[in-house]
Structures are given as C-alpha cells and as structure tokens.
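Protein chains in written order, with this note's numbering: chain A, 38 to 221; chain B, 990 to 1092.
These are computed hints drawn from the structure, not numbers from a lab. The structure presented is a predicted model; accordingly, all values stated were derived computationally and were not measured. Yeah, the Cβ is synthetic: ideal placement off N, Cα and C, and Gly gets one too.
Pairs of lysine-lysine residues, derived as DSBU-like cross-links and limited to a Cα-Cα distance of at most 35 Å, are as follows:
#	chain 1	residue 1	chain 2	residue 2
1	A	54	B	1027
2	A	54	B	1013
3	B	1027	A	147
4	A	147	B	1013
To spell it out: a stretch of chain A is covered by chain B in this simulated footprint if at least three of its residues, at any positions, have a beta carbon under 8 Å from a beta carbon of chain B; those stretches are:
#	stretch
5	106–119
6	130–144
As a plain string of letters, each chain reads:
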Amino acid sequence: MTDIRPSSGKNYIEELKQTQLAIELIELGARIQLVHSETGLSRPRLLALQRQLTGVVPVKGMLPYSTDWFMRWSHNAHSSLFANIHGLLGQHSTTEGGWRLAKSYRLYLKQIQYIRAEPILSITRAWYLMRFLDVGLLHISTCTECGGKFVEHSGELHNKYVCCFCAPSPRSGRPRVFKLQEAT
Amino acid sequence: MTEYQEEITELNMSYLLLAQQMLKDDTDAAMICLGIGKEMAELISGLTAAQILSISTLGMILGRARIDEQILLKLVCNHNKPHLMPQMHTSILMLGQTADELV
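Excised from the complex, chain A in its bound form (with noise of 0.2 Å):
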C-alpha cells in the first residue's frame, strides 16, 4: 500500500480515514505490522500514535505465523466464533478490509463478554485467521456431528470432520491425533 503523502491535498480525507482507522485498531490491541498493513501509515507515525493512545511501548519482535495455534481446542473454538461473525459481516454488510476486521473483532469481544469467556483470540491472531483462509492455508469445514462451521486445516485426508466440541475427548486438545485414528 503507498504511503499517503500529505502534502498532496486531495488525500487529507483519505489519510483521516486511514488514522482513523489506525486509531480503532491500535484500540483493539493491534501489533502496529497489522495497522501498517491495514492502512498503509508510516510506521513511525503509527508508534507514535499507538504511544500517544495506549501510553505504552509496543510489543517488540515478529508476529507468530502458524496455522497450528488455531486447531488448538480452545483456540479453534473462539477462531470459528471469529470466523463465522467474520464471514456473517462480509455477506450483507459493506464494511471490507480492515473496518471489516475491526468490526468483527468488536462483536467477538461482545459475544464473549455475554458468555463469560476469556477472549483467547487477538485481534492480530484474527488478522492472521483471516489471512491463512483467503489463501487458503485454513478453510471452514462443516462438522458432520452439529452442523457447524469451523476453521480447519486446508489438505486433511479425509472426509469425516468432527469439530472440537463433538470429538469424543474434547480436552485431549490434539483434534489432528483423532482425525487419524478415525481414518483406520
């Protein structure tokens, strides 16, 4: 995404919008690679926005990338709760990119608070759901047991899907090790 310049006058709407944006993110908990992404600000600008809004230093060092941490138990159920709040947003709504993302976000947190759960999902972790599922690296099966939609590895050998909450030892926490014993 270009840097918005804003000597340029015609982009001062633009660049509102964008630190708008910035600012609602950084809100949520976002690691400031997320809201470059996002927005296309400079980084320094974004430092010092995310110091101006949360009065502390951000969290140094590289964004966690892997596809394990969602098929976790626990974490593959508050990713589904996310994706599927996600996928409800982008079919009738026209928020897109990263209000999308932050609205989703938003309503997660919610649902959560109503059922007095801890939320485990950050809003970087959900950026990153989102991203593995556009390219395809996770996808959304639907669990042969309760009909619900559910983050999965994309590639899985077979065709049987359970979801954590209907496998049969649902605190073993390795949903891969069951899937295997099923296909003998």
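Could you slot chain B onto chain A? The hints should help.
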C-alpha cells in the same frame, strides 16, 4: 388464538421497537443479532408506528424461534458428551445457521 392477545401484542411491539432501535444504532451488529438480511432490516426500519401497531395486534407471535429443530436436537443428544463451552458451541451453530439462511 385471541386468549393472549394483550401479551402477544406487547411482545410483538417490544420486539419490533427493539429491532428498530438496534438497527438504527448499529445496523450490521443488529442484523447478526436479529438474524435478518439487508432487505428485512430495511423493511423493519421503515415501519411506521401505525404499521407496527397494526401488525402487532393480530394475535400471532411475529418473531419465530431461531433455534431450529436440528440445533436443539443435536444439543439435547449431546448431553452425554458434556464439554466446557456449550454456549460457545451454540453461538457458533446459530451464526452458521443465520449465514445459511441469508444466502
């Protein structure tokens, strides 16, 4: 059918007025929460007070239950496989169902 007309009217009006308020506040969130699509959302938002009254007093409950038989049956049958997050499971099921219905 008309035995509970007063209660039904109250229920219907509460539902429609709440729906209108929610749609006005945050349309996208309301659509997900109510389980309705864009067209229905626009229709409900556009109802006048007179129209709301008119449709509420018919002695029939307007809001149909969203938990369809499939979901209920599955949850009832799964009681022998208890797990820690039944509410999470139900939320996921309902959202998926809404997505299917609104296609």
